[in-house]
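S.K.: Protein sequences, first through last, are from chains A and B.
Count along the first sequence starting at 1, add 393, and that's the number in my numbering.
Count along the second sequence starting at 1, add 68, and that's the number in my numbering.
Treat each hint with caution, since some may be false.
Unchecked claim - List time: in silico DSS-like cross-link candidates among lysine-lysine, alpha-carbon distance up to 25 Å: (1) B:Lys117 - A:Lys465; (2) A:Lys427 - A:Lys677; (3) A:Lys427 - B:Lys72; (4) A:Lys593 - B:Lys89; (5) A:Lys499 - B:Lys197; (6) A:Lys593 - B:Lys241; (7) A:Lys608 - B:Lys89; (8) A:Lys594 - B:Lys197; (9) A:Lys608 - B:Lys155; (10) A:Lys849 - B:Lys237; (11) B:Lys117 - A:Lys608; (12) A:Lys608 - B:Lys197.
Derived from the structure by calculation, the hints contain no laboratory data.
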Amino acid sequence: MSSHYEAPIRRPLIVGDKSYHDISVDVAAPVEGKANKLWWTAFSIALVAFLWGIGCIVYTIGTGIGVWGLNKTVGWAWDITNFVWWVGIGHAGTLISAVLLLFRQKWRMGINRSAEAMTIFSVIQAGLFPVIHMGRVWNAHFVLPLPNQFGTLWTNFNSPLLWDVFAISTYLSVSLVFWWTGLLPDFAMLRDRAIRPFQKKIYGLLSFGWTGRAKDWQRFEEVSLVLAGLATPLVLSVHTIVSFDFATSVIPGWHTTIFPPYFVAGAVFSGFAMVNTLLIIMRKVSNLEAYITKQHIELMNIVIMITGSIVGCAYITELFIAWYSGVEYEQYAFLNRATGPYWWAYLFMMSCNVLSPQFMWFKRLRTSIVFSFIISIVVNIGMWFERFVIIVTSLHRDYLPSSWTMFSPTFVDIGIFIGTIGFFFVLFLLYARTFPVIAQAEVKSILKASGEKYKKLRDGNHE
Amino acid sequence: MSNKVVQAMYNDDDILIDAVKEVRAANYHIEEVYTPFPVHGLDKAMGLKGTRIAITAFMYGCVGLVFSVWMMNYMMIEQWPQDIGGKPSFTFIQNMPAFVPIMFEMTVFFAAHLMVITFYMRSRLWPFKEAENPDPRTTDDMFVMEVFVDGNEDELITFLKKTGTVEIKVTEKH
Chain A
394 MSSHYEAPIR RPLIVGDKSY HDISVDVAAP VEGKANKLWW TAFSIALVAF
444 LWGIGCIVYT IGTGIGVWGL NKTVGWAWDI TNFVWWVGIG HAGTLISAVL
494 LLFRQKWRMG INRSAEAMTI FSVIQAGLFP VIHMGRVWNA HFVLPLPNQF
544 GTLWTNFNSP LLWDVFAIST YLSVSLVFWW TGLLPDFAML RDRAIRPFQK
594 KIYGLLSFGW TGRAKDWQRF EEVSLVLAGL ATPLVLSVHT IVSFDFATSV
644 IPGWHTTIFP PYFVAGAVFS GFAMVNTLLI IMRKVSNLEA YITKQHIELM
694 NIVIMITGSI VGCAYITELF IAWYSGVEYE QYAFLNRATG PYWWAYLFMM
744 SCNVLSPQFM WFKRLRTSIV FSFIISIVVN IGMWFERFVI IVTSLHRDYL
794 PSSWTMFSPT FVDIGIFIGT IGFFFVLFLL YARTFPVIAQ AEVKSILKAS
844 GEKYKKLRDG NHE
Chain B
69 MSNKVVQAMY NDDDILIDAV KEVRAANYHI EEVYTPFPVH GLDKAMGLKG
119 TRIAITAFMY GCVGLVFSVW MMNYMMIEQW PQDIGGKPSF TFIQNMPAFV
169 PIMFEMTVFF AAHLMVITFY MRSRLWPFKE AENPDPRTTD DMFVMEVFVD
219 GNEDELITFL KKTGTVEIKV TEKH
């Protein structure tokens, strides 16, 4: 047992009297069981929202971008807001699975699978927006440097929008293989437990014939470590490049060097909030409270508190620098943000993102499940408003006062946004019923070090 | 040579590691060990060499970097230089700062995907591949050690029984 030593002061990450077999049973239970009424209700609502979104997308493509609320002053609004919001949400998954792996944080093992699933599903939503915004969607492949009939017509590698194409597609595909490689042993567990031949076949197919040889595990661990090492700078680069979409332009309010770190912190902030939203429900519905413990939620709340404070710091720095720069345009852009016609959006952003995470300083609040859930929703609303504030308030008052205008979304703007939320939840709900939602192989490997039963046994010996 | 193997099953990873050490010390040849999760120190106990997959990832990353440099140089500098936002494009190095993000992304893309493909190929993992684990419980909570029968079979079985195994099976291996 000495090889599994962990300091007694660390709280157990797996509560209850669990054995290796119990972990398999608990992780397989949601897959093997039948969906209850609640699942079907949630799924139906999500599906209706998704279908409504498809309708709005089809209408946009069939008629043109004119069906959105954009005008000649505000040329970017909800589409890019939603894009940045969804990409940002995705960042927490990689942070949990890659950065926490590099830091050897064992608490990531209970939540990394679902967080990564969330990453992939939300990056899919994000990717939809730039594609739809192209208008002529059938020419979408022109964002790739493909040889074509024009011979010398290539993409513009100087453009941050093209950097985005490369960043997002690398991010999505690398996250996907990282996720899938981790899933192989868990699919194999489901395959070997399956009784019905159809299930056995499907999970056999998904598990790629994983057998758990010693050599395979050795490679598996090395591959996970290297992928984590690659995914860590990748995830930071992705939101950095997203922020370049704005930062490399010369629009007052966008043209700031603080954007990359500020966007990355904001992304982690909103992503952890979304992980909390999803897992607080999932641990209850799928009976996984032994693996996704209160401690996990508390730790995520601490990350939310820290990144929220970084974001708050960035907001204030921006205001200070605008004043300090002495540039009139810059000063007006920020004054207009806070006190102009969109003051209410700014207030929403400030109170949801800067104020609300500060409650997490109190242990009673950050260990309260209900409070954590409420804050996680509040944070995501706040982060949506942050992007809206950055994008729309910087644009709506142009250099020429005669072009000053306001933006109001049409039902199509709203419909597509709701549609992506529906699509996200359709994917996540399907995932929750068919995938091993906890990286059970990894959890088994820490059972003896961090399981409550074993910790008690060990600490008893020391006394 | 006979292809007979003895499959000794264990229900605990610590017992397994001790057993592996004992079996190797007694000069028996361990063919394979199947475990439901990564058992740390097992590869060392079995005497497996370290994996070189991280080195391949580094090389793939270099390929990605070189490829991105070649691609952007050909498209933006050689074949059709353009004045875009006044960014200098007479030589690659002048235009390079604007290419850094994509150079980075391509490095990561190549390193990650080619390494994972190498892993799948080397460990023989792909869709429709039949699983070869000797017992379905090895993905749940059981650990199986396969030892080649070389010489006296009964002697080996009695030896293995003393290592804390819970089940022993003798089978032919392909």
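S.K.: Hinted pair, alpha-carbon criterion (25 Å max): Lys427 (chain A), Lys72 (chain B). Please report holds or violated.
M.R.: violated, 44 Å
S.K.: For a C-alpha distance cap of 25 Å, please report whether Lys594 (chain A) and Lys197 (chain B) respect it.
M.R.: holds, 11 Å
S.K.: Sort out whether Lys89 (chain B) lies within 25 Å of Lys593 (chain A), counting only the CA atoms.
M.R.: violated, 35 Å
S.K.: Quick one, are Lys608 (chain A) and Lys155 (chain B) close enough, alpha carbons at most 25 Å?
M.R.: This hinted pair is violated, its Cα atoms lying about 51 Å apart.
S.K.: Need the status of pair Lys499 (chain A), Lys197 (chain B): alpha-carbon distance at most 25 Å?
M.R.: violated, 32 Å
S.K.: Sort out whether Lys241 (chain B) lies within 25 Å of Lys593 (chain A), counting only the CA atoms.
M.R.: Holds. Lys593 (chain A) to Lys241 (chain B) sits at ~24 Å (cutoff 25 Å).
S.K.: Just to be careful, I want the Cα atoms of Lys608 (chain A) and Lys89 (chain B) compared with a cutoff of 25 Å; is the pair within it?
M.R.: Status holds; Cα separation ~17 Å.
S.K.: With a cut-off of 25 Å on the C-alpha distance, tell me whether Lys117 (chain B) and Lys608 (chain A) pass.
M.R.: holds, 9 Å
S.K.: Would you mind confirming whether the straight-line C-alpha gap from Lys117 (chain B) to Lys465 (chain A) stays at or under 25 Å?
M.R.: violated, 64 Å
S.K.: Please work out if Lys608 (chain A) and Lys197 (chain B) have their alpha carbons no farther apart than 25 Å.
M.R.: Answer holds: Lys608 (chain A) to Lys197 (chain B) is near 17 Å, not above 25 Å.
S.K.: Keeping to a limit of 25 Å between CA atoms, is the pair of Lys427 (chain A) and Lys677 (chain A) held or broken?
M.R.: Holds - the C-alpha atoms of Lys677 (chain A) and Lys427 (chain A) are around 16 Å apart, at most 25 Å.
S.K.: Taken at face value, is the distance from the CA of Lys237 (chain B) to the CA of Lys849 (chain A) at most 25 Å?
M.R.: violated, 35 Å
Going down the numbered hints, you'll see the structure goes against 1, 3, 4, 5, 9, 10, while the others check out.
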